[in-house]
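Each chain is listed here by its residues.
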Amino acid sequence: MWSKNVLYAAFSLLLTFLGIAALYVLAGADFLAITQILVYVGGILILLIFGVMLTNQAGNKQNTKNDIFTESTNRILGFLVAVAVFSGLFYTFARARFMDIQTVLFENIEPVATTKTIGIQLMTNFVLPFEASGILLMATLIGAAYLSKKM
Amino acid sequence: MDNSFLSYYLITSALLFSIGLAVVVTKRNVIVVLMGIELMLNAVNLNLVAFSKNDPNLQGQMFALFVIVVAVCESVVALAIILKAYEYFKTVNLDEISEVKEM
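Line order of the protein sequences matches chains D and W. Mapping of the first sequence onto this note's numbering: residues 1 to 151, in sequence order. Mapping of the second sequence onto this note's numbering: residues 152 to 254, in sequence order.
By construction, these hints were calculated from the structure, which means they are not laboratory data. Take the hints with a grain of salt, since some may be wrong.
[As the list claims (entries may be wrong)] Below, computed lysine to aspartate or glutamate pairings styled on EDC-like, alpha-carbon distance capped at 16 angstroms: (1) D:Lys116 x D:Asp30; (2) D:Lys149 x W:Glu238; (3) D:Lys116 x W:Asp206.
Full structure from sequences and hints, please.
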């Protein structure tokens, strides 16, 4: 993601999302992989590219430089912060022995289709977050429509 | 299947999170910052999925599903705000958008 062009960044983000979906499949989460492809690749990325297009209209800007090229500020400092966070996380993961915990807590199960389990869980144990996310989606619709109307 | 896959998932998600953080901190385009936030949310999802692999109740995957829903909502509202701010400021550079007042 160090490219200067916003559109190139969006395309590499597409590749990243597809790779994450493949990792979901490898971890036995087939429903979530399909959801990832549908929502991220089909929804959010289209939305981002749409935003790139809408914010690059020629003619209605004072300065002549192209907005599709983004510059970085505080590059050294931000890189240092990211490296520090990564090394902290790496140290934690190296020390924590999650593998033994997984082995002790759960017996290995073969990956099966998770769609039925997810549906049952959504309607039994997770019905409150399910309804809350429905309300959140409706609030998002109303909020986006309100924000994008001409004032 | 053994559990040796887990550390690779953790390292991958840590890497994704760090890259997303670096993008959010350094880049000055609002849309690129939004992409960085999506990257960080994806890293968290990857951790949740990796930990819930052997869970027969799939609680981590349920949580990842709700994280995806919230990420979508956040992205939509943020993009609406970005378009509105672009209409007003005529730029998407974060350094030049420095005042908040009645539009």
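Here is how each hint holds up against the structure:
The suggested pairing of D:Lys116 with D:Asp30 holds, with an alpha-carbon distance near 11 angstroms, which does not exceed 16 angstroms. With a C-alpha separation of about 12 angstroms, the suggested pair D:Lys149 and W:Glu238 falls inside the 16 angstroms cut-off, and the hint holds. With a CA separation close to 14 angstroms, the supplied pair D:Lys116 and W:Asp206 stays within the 16 angstroms bound.
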